[in-house]
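Trainee: Knowing the structure of chain A, use the given hints to seat chain B on it.
If you read the sequences in order, they're chains A and B.
Residue numbers 1 to 113, in this note's numbering, belong to the letters of the first sequence in order.
Residue numbers 1 to 110, in this note's numbering, belong to the letters of the second sequence in order.
Take these hints with a grain of salt, some might be off.
[Claimed, not checked] Mimicking DSSO-like on lysine-lysine, the simulated pairs with C-alpha atoms at most 30 Å apart in a straight line are:
| hint | chain 1 | residue 1 | chain 2 | residue 2 |
| --- | --- | --- | --- | --- |
| 1 | A | K40 | B | K102 |
| 2 | B | K102 | A | K41 |
| 3 | B | K2 | A | K40 |
| 4 | B | K42 | A | K40 |
| 5 | A | K19 | A | K41 |
| 6 | B | K67 | A | K9 |
| 7 | B | K42 | A | K71 |
| 8 | A | K19 | B | K67 |
| 9 | B | K2 | A | K41 |
| 10 | A | K71 | B | K2 |
| 11 | B | K56 | A | K44 |
| 12 | A | K44 | B | K2 |
| 13 | A | K9 | A | K19 |
| 14 | B | K102 | A | K67 |
| 15 | A | K67 | A | K52 |
| 16 | A | K9 | B | K42 |
| 17 | A | K67 | A | K44 |
| 18 | B | K2 | A | K52 |
| 19 | B | K67 | A | K40 |
| 20 | A | K44 | B | K67 |
| 21 | B | K102 | A | K9 |
| 22 | A | K36 | A | K67 |
| 23 | A | K22 | B | K56 |
Honestly, the hints are just simulated from the structure, not real lab data.
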Amino acid sequence: DTAVSQTPKYLVTQMGNDKSIKCEQNLGHDTMYWYKQDSKKFLKIMFSYNNKELIINETVPNRFSPKSPDKAHLNLHINSLELGDSAVYFCASSPDRRSNEQFFGPGTRLTVL
Amino acid sequence: QKEVEQNSGPLSVPEGAIASLNCTYSDRGSQSFFWYRQYSGKSPELIMSIYSNGDKEDGRFTAQLNKASQYVSLLIRDSQPSDSATYLCAVTGGYSTLTFGKGTMLLVSP
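Okay, chain B solo, but in the shape it has when bound:
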């Protein structure tokens, strides 16, 4: 059974701080890793994808992947109240079968 683990939170950070969201996965054969953001009552929205070890930056977001440790993280710099949402880590090793974690709720206070 493939598993993706995330701390459910909430993770509370002040506005302007760096938010660090973490995810571990059980399947060593996993090849693709994604972060989705889900606002309350809305659908998941893809914000980052990463496929190889190291860091990938996109604006205020940085995804980090360490396949040896089976660990993927998302850093959000200069956090804004509008970043308050649940962040879902998703992992796949094959044809489009995404396994999602249960998500980490992030609260950014003004």
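Same shape as in the complex, but just chain A:
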């Protein structure tokens, strides 16, 4: 069974559209994350939630809004998509906020045209 899953795997959309990416983990972990990996492969934290509570919010445009309906799910909604949003978005989870051993989902490749 997949530990951290994301949907969709690929997302191609036009500038200005709104889209969502979903993430689910079945590891029983308390903490979940969203990362962005750009074309130069640089992986950067965007958000972190612990038990549905936002604990990390890096400098990210407010067009990006995470939502955690429960501790097993963390979704990412992006409004008014821009060309620069094209990247691979990875969801990850860790047992709790003190554990730094994070497990990554398969990624969602977002292409904005």
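Mentor: Showing chain B alone in chain A's frame:
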């Protein structure tokens, strides 16, 4: 600004050789250090973690940490073509905020 520096490579080694991957970090308060392996088009996979000075061995992998020099390395013994990937060094000093380096691409030739 916390920084993690890695040589982007590619680092080319022949099959069976030892591959040595290096990483330096700027934040002296960093406490936990990780190596992730990322195959092309795939997600990062945790392969090693190290928390105290010295060496930590796991199979063909050895992580080395020197906090005084702010340096962490990964040695891969008996390198295999299947080890060809990008290796990401990650560092954290607090609650789960991992700072990643840009990764070193390793190419192991048969």
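Trainee: Against this structure, judge whether each hint is valid.
Mentor: Going through the hints against the structure:
1. K40/A - K102/B: Given pair K40/A, K102/B holds - Cα atoms ~8 Å apart, limit 30 Å.
2. K102/B - K41/A: The given pair, whose Cα atoms are some 7 Å apart, holds under the 30 Å limit.
3. K2/B - K40/A: Status holds; Cα separation ~19 Å.
4. K42/B - K40/A: holds (15 Å)
5. K19/A - K41/A: At roughly 22 Å apart (the allowed maximum being 30 Å), K41/A and K19/A satisfy the hint.
6. K67/B - K9/A: With Cα atoms ~39 Å apart, K67/B and K9/A exceed 30 Å; violated.
7. K42/B - K71/A: holds (25 Å)
8. K19/A - K67/B: violated (43 Å)
9. K2/B - K41/A: Cα-Cα ~18 Å, so holds.
10. K71/A - K2/B: holds (29 Å)
11. K56/B - K44/A: holds (26 Å)
12. K44/A - K2/B: holds (12 Å)
13. K9/A - K19/A: With a Cα-Cα distance of about 13 Å, the restraint between K9/A and K19/A holds, given a limit of 30 Å.
14. K102/B - K67/A: Given that 30 Å is the threshold and the Cα spacing comes to 28 Å, the pair holds.
15. K67/A - K52/A: holds (8 Å)
16. K9/A - K42/B: Holds, at roughly 11 Å.
17. K67/A - K44/A: holds (19 Å)
18. K2/B - K52/A: holds (27 Å)
19. K67/B - K40/A: Holds, at roughly 28 Å.
20. K44/A - K67/B: holds (23 Å)
21. K102/B - K9/A: Holds. K102/B to K9/A sits at ~23 Å (cutoff 30 Å).
22. K36/A - K67/A: Holds. K36/A to K67/A sits at ~16 Å (cutoff 30 Å).
23. K22/A - K56/B: violated (36 Å)
Hint violations for this structure: numbers 6, 8, 23, all remaining hints satisfied.
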